[in-house]
Amino acid sequence: MKPLIIVGMLAVGCTGVHWLCGLQPAMARELSQETYHLLSHGMSEAEVVARTGPPDRRIENYEPTPLSQRVISYQYVWNGETNKDEWTTTVTFSSNTNRVIRIDRDRK
611 MKPLIIVGML AVGCTGVHWL CGLQPAMARE LSQETYHLLS HGMSEAEVVA RTGPPDRRIE
671 NYEPTPLSQR VISYQYVWNG ETNKDEWTTT VTFSSNTNRV IRIDRDRK
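Each residue of the sequence shown is one higher than the one before, counting from 611 in this note's numbering.
These are calculated hints, taken from the structure and not from any lab test. Everything numeric in this text was worked out from a predicted model, so none of it was measured. Built from N, CA and C at the ideal position, the CB exists for glycine as well. Do not rely on the hints blindly, as some may be mistaken.
Stated by the list, open to error - Now the in silico label distances, taken between C-beta atoms and shown as ranges: (1) E644 / L677: 36 to 46 angstroms; (2) L677 / T645: 32 to 42 angstroms; (3) S654 / V687: 17 to 27 angstroms.
Claimed, not checked - As a list, the in silico SDA-like pairs of lysine to any residue whose alpha-carbon atoms are at most 25 angstroms apart: (4) K718 / L677; (5) K718 / P676; (6) K694 / E655; (7) K718 / Y672; (8) K694 / P665; (9) K718 / P674; (10) K718 / S704; (11) K694 / D666; (12) K694 / R668; (13) K718 / T662; (14) K718 / H647; (15) K718 / T700; (16) K694 / V681; (17) K694 / P674; (18) K694 / E644; (19) K694 / Q643; (20) K718 / S678; (21) K694 / T645; (22) K694 / T662; (23) K718 / Y686; (24) K694 / Y672; (25) K694 / S642; (26) K718 / R680; (27) K718 / E644; (28) K718 / R639; (29) K718 / R667.
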């Protein structure tokens, strides 16, 4: 049996640590109404990604502490195009549990 080698790059930026595996950036897309209705509070990050696919972007929210900063929540955002009157969906996760604590959908 031949060994399988997986190569990835680690990038550190303003929004945290991300693994890049030669993937192209996702095009902004609206979540369908059917997919949106599959989301619920308490779902894990893996469950959300399995149902929706990767988000258009991830945003981490920090809280300052005496020694450093800690992540208190992070959001997955699917951007609908405003000129097409599409919906933008934001799913907020608790960093402590990696579970959904808020789901927002609006036209920005």
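### Task
With a cut-off of 25 angstroms on the C-alpha distance, tell me whether K718 and T700 pass.
Holds, at about 12 angstroms.
### Query
Is K694 within 25 angstroms of E655, Cα to Cα?
Roughly 28 angstroms separates the two Cα atoms, so the pair is violated.
### Message
Between the alpha carbons of K718 and Y686, is the straight-line distance 25 angstroms or under?
### Response
holds (16 angstroms)
### Message
The hint says 36 to 46 angstroms between E644 and L677; measuring C-beta to C-beta, is that right?
### Response
Because 45 angstroms falls inside the window, the suggested range holds.
### Query
CA of K718 to CA of P674, is that 25 angstroms or under?
violated (29 angstroms)
### Query
Taking only the CA atoms, is the gap from K694 to Q643 under or equal to 25 angstroms?
Given that 25 angstroms is the threshold and the Cα spacing comes to 15 angstroms, the pair holds.
### Query
Do the alpha carbons of K718 and R667 lie within 25 angstroms of each other, as the hint requires?
holds (16 angstroms)
### Task
For the range 32 to 42 angstroms, tell me whether the beta carbons of L677 and T645 fit it or not.
With Cβ atoms ~40 angstroms apart, the hint holds.
### Query
Between K694 and P674, does the CA-CA distance stay at or below 25 angstroms?
violated (38 angstroms)
### Task
With respect to the beta-carbon atoms only, verify the hint that S654 and V687 lie 17 to 27 angstroms apart.
holds (18 angstroms)
### Task
Below or equal to 25 angstroms on CA atoms is what counts here, so check K718 against T662.
Given pair K718, T662 holds - Cα atoms ~20 angstroms apart, limit 25 angstroms.
### Message
Hint check: K718 vs P676, CA-CA at most 25 angstroms. Holds or violated?
### Response
Given pair K718, P676 is violated - Cα atoms ~36 angstroms apart, limit 25 angstroms.
Violation of the numbered hints given earlier is confined to hints 4, 5, 6, 9, 16, 17, 20, 24, 26; the remaining hints are satisfied by the structure.
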